[in-house]
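Participant: So the protein lines, in turn, are chains A and B.
Just so we're aligned, residue 1 is where the first sequence starts under this note's numbering, counting upward by one.
Just so we're aligned, residue 126 is where the second sequence starts under this note's numbering, counting upward by one.
Any given hint could turn out to be false.
Unchecked claim - Cut-off 20 Å, straight-line C-alpha distance, at most; resulting in silico cross-link-like pairs (EDC-like, lysine to aspartate or glutamate): (1) B:Lys-280 with A:Glu-20; (2) B:Lys-423 with B:Asp-438; (3) A:Lys-80 with B:Glu-297; (4) B:Lys-528 with B:Asp-294; (5) A:Lys-96 with B:Asp-500; (6) B:Lys-475 with B:Glu-518; (7) A:Lys-80 with B:Glu-295; (8) A:Lys-80 with B:Asp-378; (9) A:Lys-80 with B:Asp-500; (10) A:Lys-80 with B:Glu-140; (11) B:Lys-423 with B:Glu-444.
No lab work stands behind these hints, which were simulated from the structure alone.
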Amino acid sequence: MKYLCLVYLDQEHWDSCPDETCGAYAQDLIDGGHMVAAEPLHGVHTATSVRVRNGQLSVTDGPFAETKEMLAGFYLLDAKDLNEAIRLASGIPPAKYGTIEVRPVRTLDMPGGTPSVGAPSVAGS
Amino acid sequence: MNDVKQSIDDLYRAESRRVFATLVRLLGDFDLAEDSMHEAFSAAMEKWPQTGVPENPVAWLISTGRFKAIDTIRRGTRFQTLTESHDAAIDIDHEHEAVGDEVLRLIFTCCHPALAPDAQIALTLREVCDLTTEEIARAFLTPVPTLAQRIVRAKAKIRDAQIPFEVPDENELGARLRSVLRVIYLVYNEGYSASSGETAVRRDLVQEAIRLTRLVASLLPDAEVFGLLALMLLQEARRTTRTTHDGDLIPLDEQDRSRWNMAQVEEASLITQQALRTGRFGVYTLQAAIAAVHAEAKTYEETDWEEIIGLYDALLQMEPSSVIQLNRAVAVAMYHGPEQGLELVDDLIKEGGLMDYHLAHAARADFCRRLDRKDEARASYLFAIKLAHQEPEKRFLSRQIEKL
């Protein structure tokens, strides 16, 4: 069984966990064979909401904040810039009914960047 | 020696935004581009008096700015890591710098829909038009720290979310145009009439707005781009007759029409007609059409008020607004008489949300004056003076009271 663990933080605590701490836990999960993928995100000021209504694309600044709608899934995409990310996001079928929040992934500020499955462990080498 | 200094000054005024826009694209970072551009101009101040002005000074400044930026990045004073994208961007071939208009690329980035609408305008005025944060804050009637934060956030989003520095492709160009035109019109308005206090008309902003619109029009022959261009040309053609040398306002009915730039009015009227004929026009084209009717009238009295009322009706269908209704009421007062005008403006003040809008009370005062209701006129003028922000407007209204 796979589980998606979503991390919520208020602005006050955004930088409370040092990147090294998060990176070390990610490495533990990788070593224990539990990690599928994990990425930290840039702050909400980088969020863009994408919607498609009646075939018309609507792009707005800011995170998605409609309490009626619930998180239904996620796509982790590789795109050359925000324009391509918006284009790809607008093709996600539920964009017609709900909202796709597009947030850029950042890299952990530590040697070797964000640990990932299959990459050599920096701490262990 | 002084000649060189003068030519660097001229170059800064004429080309600094193009140098900046190119550096933004090459470096992908507004602040780094701004610093590097200033370093390039300082280097020119140092070297050119000895070496003379290079054959292509803009290319020299861009290339010097780029080297200064590489130095900054290598020294690591600004960035902890030298990212691949910076290296790749800096290696872009020199030849490509001339392709397309760099300022246009920059304006499309600043007007990206993923930025908040307020941020789009603030960023364009700051980065494309080189207004200071204080000037923009004044134009927005916003506190300076709020405005500064808005710009910082927008830049951070462009950097962190990787909004590209490019003119959108054909599929997206139309949709992206609306915010670009809105921003240009605000730039024009800032130049045409400053928002408060005793400020002279800023010619450079006006010229910049017209230049940007012509540029967009050549790239994207959309009816509304031409509509906006015509609107600005029509207002410009009559600008010098709007005020006295002392900065006092001259109302439309007292302006010296012989001093209007009729060649420009003709050009603008032609552009307006072409835009109207496409059938895909919008609010800018309709406002241009209204301005054209005014500009083509030989006297104030000979204005085709019926045509103007019709154009305002069309405009109101596209954009319901109390301010547009107020302008329509002025035309109604000219065509049907001040009683009808007064009825409309009283409704707008009571129910249209114009209670605090000085021009609504000024219009009311004018209608009362024409109906010989002097006490009411005086009361409304006084109310308008209290609400007005600009000194020239206050002085104009005071003179109207003296004339009663």
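Participant: With reference to the structure, classify each hint as holding or not holding.
Facilitator: Hint check:
no., hint, result
1, B:Lys-280 with A:Glu-20, "violated, 27 Å"
2, B:Lys-423 with B:Asp-438, "violated, 24 Å"
3, A:Lys-80 with B:Glu-297, "holds, 17 Å"
4, B:Lys-528 with B:Asp-294, "violated, 58 Å"
5, A:Lys-96 with B:Asp-500, "violated, 60 Å"
6, B:Lys-475 with B:Glu-518, "violated, 23 Å"
7, A:Lys-80 with B:Glu-295, "holds, 19 Å"
8, A:Lys-80 with B:Asp-378, "violated, 57 Å"
9, A:Lys-80 with B:Asp-500, "violated, 68 Å"
10, A:Lys-80 with B:Glu-140, "violated, 31 Å"
11, B:Lys-423 with B:Glu-444, "violated, 30 Å"
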